[in-house]
Amino acid sequence: MIFNSIEFVLFFIFVTIAYFILPYRFRWFLLLAASCYFYMAFVPVYILILGFTIVIDYFAGIFIENEQGKKRKLYLVMSLVANIGVLAVFKYYNFLNDNLTLLLGSFNTSNPVPYLKILLPIGLSFHTFQAMSYTIEVYRGNQKAERNFGIYSLYVMFYPQLVAGPIERPQNLLHQFREKFDFNYNRVVEGLQQMLWGFFKKLVVADRLELYVNAAYNNPQQQSGTTLVLATIFFAFQIYCDFSGYSNIAIGAAKVMGFDLMTNFKRPYFSTNISEFWKRWHISLSTWFKDYLYISLGGNRVSIPRWYFNLFIVFFISGLWHGANWTYIIWGSLNGIYLVFAIISQGARDKVNHVLGIEKLPRLNHFFQILITFALTCFAWVFFRANNVADSFLIIQKMFTDRGALLFDKADPSSFIFSFLGIFMLLAIEAKHEYYKGSFSFFHNRHWLVRNLSYAVLIIIILLIGVFDGGQFIYFQF
Amino acid sequence: MMFEDRIKQNAYLYFASRLLLLLLIVFVLDFSIGKILRYYYFKQETGRQYRATYAIDKTTADVLIFGSSRAYHHYVPDIIETNLKQSCYNTGSPGQYLLYNYATLRAILKRYAPKMIILDLSTSEFQVGRDSYDRLSFLLPYYKDHEEIRPIVDLKSRWEKFKLLSSIYAFNSSFLMIAGGNSEYFKKRTTDLKGYKPLTGVWQKPITPEIFQDYKLDSVKVSMLTSFIDDCNRAGTKLFIVSSPIYVTYRERDPSMVLIDKVAKEKKVPFMDFSYDTSFTNHPFLFNDPSHLNEKGAKLFTAKVTGMIKDSVAAR
Numbered sequence: 394m395i396f397n398s399i400e401f402v403l404f405f406i407f408v409t410i411a412y413f414i415l416p417y418r419f420r421w422f423l424l425l426a427a428s429c430y431f432y433m434a435f436v437p438v439y440i441l442i443l444g445f446t447i448v449i450d451y452f453a454g455i456f457i458e459n460e461q462g463k464k465r466k467l468y469l470v471m472s473l474v475a476n477i478g479v480l481a482v483f484k485y486y487n488f489l490n491d492n493l494t495l496l497l498g499s500f501n502t503s504n505p506v507p508y509l510k511i512l513l514p515i516g517l518s519f520h521t522f523q524a525m526s527y528t529i530e531v532y533r534g535n536q537k538a539e540r541n542f543g544i545y546s547l548y549v550m551f552y553p554q555l556v557a558g559p560i561e562r563p564q565n566l567l568h569q570f571r572e573k574f575d576f577n578y579n580r581v582v583e584g585l586q587q588m589l590w591g592f593f594k595k596l597v598v599a600d601r602l603e604l605y606v607n608a609a610y611n612n613p614q615q616q617s618g619t620t621l622v623l624a625t626i627f628f629a630f631q632i633y634c635d636f637s638g639y640s641n642i643a644i645g646a647a648k649v650m651g652f653d654l655m656t657n658f659k660r661p662y663f664s665t666n667i668s669e670f671w672k673r674w675h676i677s678l679s680t681w682f683k684d685y686l687y688i689s690l691g692g693n694r695v696s697i698p699r700w701y702f703n704l705f706i707v708f709f710i711s712g713l714w715h716g717a718n719w720t721y722i723i724w725g726s727l728n729g730i731y732l733v734f735a736i737i738s739q740g741a742r743d744k745v746n747h748v749l750g751i752e753k754l755p756r757l758n759h760f761f762q763i764l765i766t767f768a769l770t771c772f773a774w775v776f777f778r779a780n781n782v783a784d785s786f787l788i789i790q791k792m793f794t795d796r797g798a799l800l801f802d803k804a805d806p807s808s809f810i811f812s813f814l815g816i817f818m819l820l821a822i823e824a825k826h827e828y829y830k831g832s833f834s835f836f837h838n839r840h841w842l843v844r845n846l847s848y849a850v851l852i853i854i855i856l857l858i859g860v861f862d863g864g865q866f867i868y869f870q871f
Numbered sequence: 013m014m015f016e017d018r019i020k021q022n023a024y025l026y027f028a029s030r031l032l033l034l035l036l037i038v039f040v041l042d043f044s045i046g047k048i049l050r051y052y053y054f055k056q057e058t059g060r061q062y063r064a065t066y067a068i069d070k071t072t073a074d075v076l077i078f079g080s081s082r083a084y085h086h087y088v089p090d091i092i093e094t095n096l097k098q099s100c101y102n103t104g105s106p107g108q109y110l111l112y113n114y115a116t117l118r119a120i121l122k123r124y125a126p127k128m129i130i131l132d133l134s135t136s137e138f139q140v141g142r143d144s145y146d147r148l149s150f151l152l153p154y155y156k157d158h159e160e161i162r163p164i165v166d167l168k169s170r171w172e173k174f175k176l177l178s179s180i181y182a183f184n185s186s187f188l189m190i191a192g193g194n195s196e197y198f199k200k201r202t203t204d205l206k207g208y209k210p211l212t213g214v215w216q217k218p219i220t221p222e223i224f225q226d227y228k229l230d231s232v233k234v235s236m237l238t239s240f241i242d243d244c245n246r247a248g249t250k251l252f253i254v255s256s257p258i259y260v261t262y263r264e265r266d267p268s269m270v271l272i273d274k275v276a277k278e279k280k281v282p283f284m285d286f287s288y289d290t291s292f293t294n295h296p297f298l299f300n301d302p303s304h305l306n307e308k309g310a311k312l313f314t315a316k317v318t319g320m321i322k323d324s325v326a327a328r
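Line by line, the protein sequences are chains F and Z. Using the working numbering, read the first sequence as starting at 394 and increasing by one per residue. Using the working numbering, read the second sequence as starting at 13 and increasing by one per residue.
Hints were generated in silico from the structure; no laboratory data involved. All of these numbers come straight from a predicted model, not from anything done at the bench. Wrong hints could be hidden among the right ones.
Claimed, not checked - Taking lysine-lysine pairs in the DSS-like style, the calculated list, with each CA pair at most 27 Å apart, reads: (1) Z/K217 to F/K791; (2) Z/K322 to Z/K127; (3) Z/K308 to Z/K97; (4) Z/K55 to Z/K70; (5) F/K753 to F/K830; (6) Z/K228 to F/K510.
Produce the entire structure from the sequences given, and follow the hints as far as they go.
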């Protein structure tokens, strides 16, 4: 069941009403049953895979808490191996096998390892990371093991964030399932606002841009470099609105019922450097890697070369997390290289800025930094979106060498105008939030009529130019 | 205590009252904007939507052409009129396939029975896929007044009739096209060629080798073909199924073509398959792109088809 469907809207209304009608002690059960139904609406049998890891992690948590010394570590390792093992089989087995076939093929040897005819369960990477954060936090003593199997299951299956995050931490979410949330008007309205904004991002911006991006990226040989540059910029906004739109809907849906999920995006395209970008983009994943991998590797409290290595390896693995394809690995690695290069070149860049006197023009400097960061991000997105590595390099080559028409043949001009309109509205609203926080607000206006008219206009815009036959959210595949 | 204060004390009631107010504002805006869009939609005098309205609500031509962009660009009504001595209109619509064609046919048959229909079908026409269902949204403006097309539009999703409670929804993503269709500027620039639009490009790249893919056939689309044939028979309309030329080499016959051949033989309907015709595929200068003939190719093709139709009619 995808968020941008009538089925989900009806499901959400039904579950929310039932949630507030039911006595507190039954609510967790309702949410768990609803979450199971929500997940089974995709491919029912895959709930068994979640069930397998849930049982392991539930008992692992209890055993880790009850044991001392090496046994604690043993249970943690067993839990991590089970989680990563499931992910490896479903997500990486055929990828590794493909590469083995290629490798053996270069020695004229056939690959004896069979392929598995399996589909990746939707949202398995998100579920796995959230489950791993639980056992790690119990091991570290930051979280008490959850004794109620149902509540633990709900923690890793809570339907708003089950298939595409935010990847929650047990300290933030688990205790909320035991809290008594009354119907709170302000919170409900705030949650619905977030959901509406998420639907706008998904239907008006992401799905509209997808039409152009898919047409260009699925046939790069036939496109001009100019078309591919535009398609890449469009993709930057598409993936942002697709994913952050999902997060908005998830966070909003949870908020309506009283739950606070962590913020996942903070207007990332206003970042002035790559490091800041990663503090604003997919925050729940970035912080997950920071808390559980980067710091475990020693973070920046190591030798400088090792620090660079730590940064690079985190982004390399982040790329791998996103998908079993070299394109994602290159994308992740490229971001790692950006970060390392930014650190190495910091002194030189400061000197250049000083010599050129750019420091004296802070606004212009700020603007250019945003543009450069956006350009670097877009360059990396080429690898993320391209269908394969060969296409990525072809696209990059064409972007720099092949001038031609901006619009590809058969592009619908009205759809193109709607694309720009969507991006313009998005940027206008985000710029307002970024730079003019305290000024006039439509959605939080003191006057009820202005507020209601603003919501109504947003709904009308969605009806007028939203794409209602759009596809799934991009991040479902991860 | 004031009424509003009492409502504020009960969060549920307060929320319900505010939600009701919002829904009222949305309803008023949706209804008003939807009405305006509907008015201007049906007032268009040029463009793709105008052509659809003309085909569904107005044409009385003896010969009608049905199909996708390949019909739209391949059949020249003037040549058909001259050769067959009957009036002709091309209802071909870019990006639309048999589902759309069948819905249009049902709407037309409700008004009158054309003497002849040429249905142009493409390779991969019956392949399983969502696209041709999603594209039925093009027919949403007609849903309200054309009961006969509803079962077909409902194939898009089971929620269409509920979504259409919004007056705007039927005109989603259309307002720029509606503006264009009402603009004198576009009207002056567009010559009405009875639904046909010539393409002027010349294809200069090598022929596209088709990687043969055996695909699943969509049973709904297959049933639409038999319904299309049956409805024409019932109305006494002569039907000719044609697959127009394509600049692609096939190693094996496309499964959709095999199916059309089989159904046409069963239903005793003439099927002219030009998808392998070397008199076109050997001449790239007749094509605008691999899927479409240019004006020169279209004129040659239309003459060839009408000649074959004349022969077929004479033989019957």
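Practice prompt. Would you check the hint for Z/K228 and F/K510, treating anything up to 27 Å between C-alpha atoms as holding?
Written response: OK: Z/K228 and F/K510 at ~19 Å, within 27 Å.
Worksheet item: Is the straight-line distance between the alpha-carbon of Z/K308 and that of Z/K97 27 Å or less?
Response: 22 Å, holds
Worksheet item: Taking 27 Å as the top limit, are the C-alpha atoms of F/K753 and F/K830 close enough?
Response: Cα-Cα ~25 Å, so holds.
Worksheet item: Straight-line Cα separation of Z/K55 and Z/K70 no greater than 27 Å?
Response: Distance ~13 Å between Z/K55 and Z/K70 Cα, so the pair holds.
Worksheet item: Within a Cα-Cα threshold of 27 Å, do Z/K217 and F/K791 meet the stated pairing?
Response: Holds, at about 19 Å.
Discussion item. Holds or violated: Z/K322 and Z/K127, Cα atoms, limit 27 Å.
Written reply: Roughly 13 Å separates the two Cα atoms, so the pair holds.
This entry satisfies every hint, going by the numbered hints stated previously.
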